[in-house]
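Asks: One letter stands for each residue in the lines below.
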Amino acid sequence: MVLVLALGDLHIPHRAPDLPAKFMSMLVPGKIQHILCTGNLCIKEIYDYLKGLCPDLHVTRGEYDEDVHYPETKTLTIGQFKLGLCHGHQVIPWGDLDSLAMLQRQLDVDILVTGHTHQFKAYKHEGGVVINPGSATGAFSSITYDVNPSFVLMDIDGLRVVVYVYELVDGEVKVDKIDFKKTAAPQPAP
Amino acid sequence: MPAAPTGVPLPESFSPDRISGRWLRFSNLRGVRWRINLRIFPSSSSTSIDEIRRVAANARRSYAGLRRQLLIDPHAPKDGNRSPDLAMDNPLSQNPESTWGRFFRNAELEKAVDQDLSRLYPQDDHYFHTYACQAMLRRILLVWCIRHPECGYRQGMHELLAPLIYVLHVDLNYLSQVRGLHEKYFNDEFDRSDCEVVSNRTLKKVKSWDCGSKFTNFVDDLDPDTRDVLLLSDPYGAEGELGIVLSEKFMEHDAYCMFDGLMNGADGVVAMNQFFYTIPSIGSSTGVPPVIEASSAIYHLLSIVDASLHSHLVELGVEPQYFALRWLRVLFGREFSLIDLLVIWDEMFFSLNDSCAANDEYEYRIMCSPRGAFILAMAVSMLLHVRSSLLATENATSCLKRLLNYPKKVSVEKIIEKARSCQILALEANMLGSSQTGLMMNSSSAVSRTGSQSPKSPIRIMPDSYWEEKWRVLHKEKVIQDGDLNNGGKVCGLFETLRTEPNPSPSKNINKKKEAHSIAKHSLFDDLSQNVESVSDDVRSISTCQGSPSLDENVRNCFSEFMGEECPSAENFSVLTINTGPNNEGNDPEIESEKSSLTSNSFIRENEDDNGNIDEECNKAYDPVSKKLESCANVESGQHLDAEMKVVTEAKVRKSASSRFQWLWRIGNGSFHERKMEKGIIAGTQQPSIIGNEDVGHEKYVSSSSDYSWHGDSAKVEDGDKRMWGTLKKLGQSVLENVQVIESVLQQEPGKDGDILGGDGQSAAMAALKDLRKISIILSEM
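One line per chain: the protein sequences are A and B, in this order. Taking the UniProt record's numbering, the leading residue of the first sequence gets 1, the next gets one more, and so forth. Taking the UniProt record's numbering, the leading residue of the second sequence gets 1, the next gets one more, and so forth.
There may be inaccurate statements among the hints.
To be verified - Reference listing, derived: stretches of chain A covered by chain B, where coverage requires no fewer than 3 residues with Cβ under 8 Å from a Cβ of chain B:
id, segment
1, 155–169
2, 175–183
Unchecked claim - Cut-off 25 Å, straight-line C-alpha distance, at most; resulting in silico cross-link-like pairs (DSS-like, lysine-lysine):
id, chain 1, residue 1, chain 2, residue 2
3, B, K770, B, K730
4, B, K111, A, K51
5, A, K74, A, K182
6, B, K111, A, K31
7, A, K121, A, K82
8, A, K44, A, K74
Hint data in this document are derived by calculation from the structure and do not stem from the laboratory. None of the values given here were measured: they were computed from a predicted structure. Yeah, the Cβ is synthetic: ideal placement off N, Cα and C, and Gly gets one too.
Okay, chain A solo, but in the shape it has when bound:
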């Protein structure tokens, strides 16, 4: 029953002043156990705010981040799942599923979280899951029109993960849910 928040591409203060108010009211400390941030926060204040939401914060470097010491990619294990984190501007073409699958195999993760396209995507692909939480602030993107603010909350419970997608559409928060089940890990060869 682990709640993992995945968000990114806030671009504060350059492209957006702040998170939407409705998102802010929903994000209260105490409920979420981990935060995966794809990058482009961009300033330290946002980092501190996210740290206040949950002490276990993982950030990868986006191209506009002011802190240059974030890693390019990150992997962690939560419950039965291995999660991978990367901003996504390194993977060309941007947002291409096959390239992202290549990265997933490279990182050897079950769930890969990337951003940069500012568009929500969730693929089930080759026994793994690729998730793009979009932009939490709805910041401008040169490759996407009509960006809606969105983020993702994953509920990891044993071999099952439920992905809740929160999207701000016309001032209202819309929630969607996607279920993924991981097949049991194969027995190691004797």
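Given chain A, put chain B in place with the hints provided.
Replies: Leaving out everything else, chain B in the frame of chain A:
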């Protein structure tokens, strides 16, 4: 096998309880017995096992339903095709109705519960810290707390729950023991792998089955106890498996029922959940939280049972809730080991929880039921157990230290025994508090029935012996204090306080009397006449407190001490003041009191250098007889008067002293001869020898007259009291008799008093006697 109680053929087993000796059903199965006491199971003695099973099964069903409903798993698939409204049911939903919202609230509750559970009974962790047990405890507490959101989870609830689970566990152990002993009755074996196809036993089984009742033939030859265990755990009985009362599978359900019953009080008076509230309950008379009220009830009971310990604790400032909070909230779970605690709870649950108060007038709600009274009584008994160490401490901290670290090695049976007697007191006191005299009768009869002693109730009027004792103690203290006996004021002070003795104020203690002494000392210095009156009055009051030779001895000691230099006179007077006769005898008490009053007054006179009073003395001297009469009258009247009257009269006397003196002066023909007459009277009382000192005699004479004047006035004041008049009349008559006696003695023994009695003395005596007669006539007319 214990014999069942005679008279009623009992279908089920009643066996003597190991510890209390009572005849109880299911005495070996605490879990079942407690459930009966907590009103979860029907409690009449004729309930069949089947009914018990049905009740148990119903309770279990309800718990299972609750658990399923309240302990939510948000992942659980919803029923049917109803797609959840994701806007509400997502984890971050702010909606309080959402399942996730409830989940998070329960998670917080769970965190608090877990914190307590990890610290539960660390010394018994082989059972309580197993994963299964902890999970069970957690679930039970969570379900109960979710069901009762107004109460929530409070620290201590887990300690109420733990012994309940433990007794169920013990019951299961017992079951397995019995099962081991009587295996053939429990097993369901019909397939036997051995070659014995037809044995006697299987034949028997088949036969009995043909008869239709499988069990009864076997069961009959078991003792009732084992039979009960068998029937309680029979999977084929009422309600099948769910009805197996002693079942491990449903331990959680049973424990929940017991916990719920304990907390809710089952419509009785004591509901444990109230002890966890911090706001005053609705029907509370005192407006404080129930646990604070119960703590003060403990002190109230303690003040009835042991007032000195109570006052000591109150003086130190030890508030009851400092230690009682813990005692009450976990029902002494922290103070005793688990085994001892089970014995205490046995007794506690044995007391019923129904309210005894017929109406709503009670001082403390908790005292209304026997169970509540037992809880309070247990606390008081525990306090009494450490009484000596508590009384020895001089500050509150060490007191609390003693109480919060209650000694481990205690004899629980003794404490329970004491608690039982205190419980009866508590119930009685509660009924008194509700001011129903009829109930008081009942309670006193109940007391006699149970054979325990009923203590002094503060409301009832004290018997005379109580006051004598008080006087004695008081006097001893005062004697110690009054080292300087030359100070007449102190004498007055002593007598003043002695006078106030008969006032029935049970709350007075020795300390207060000491204060009264000192106050009296200061006040009495002001007005000598008042002193004199008070002294005389005191003396009279002493004489009224008659009946015990020890009292007389005290009086004698008192006077002898105060006499000081006047040794011979003192001895005489002490002898004179010894009253061997009972209260009812008219002559002797009057004379004695008269003498004692004279003695005391004379003593005061000697020490008083106030010239201003000499005039008064002269006035008084003119009417010795009248005063003597008055003193006699007052003595007798004092015997009849209750103390209140006396107090009133004393108060009034102080106010109008001088006027009375003048009035009486007119009546009498004062002369020094009368002094001699007095001496004659002294001789006439047939007591050995007399005073030698004329001055002393004069003083006494004067003082007696002052007494008389005062009492005459007081008699006048108390016009409304017809009883007073009647007694005064009687007094007059008795004085007449006295006078006659004196006359006769005087005539008989003219030479006994040496220089005192000469011809002059005799004539003076006769004149005085005439005056006495006149006054007696006046008195009788009044």
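Asks: Among all the numbered hints in the text so far, which are the ones the structure does not match?
Replies: none
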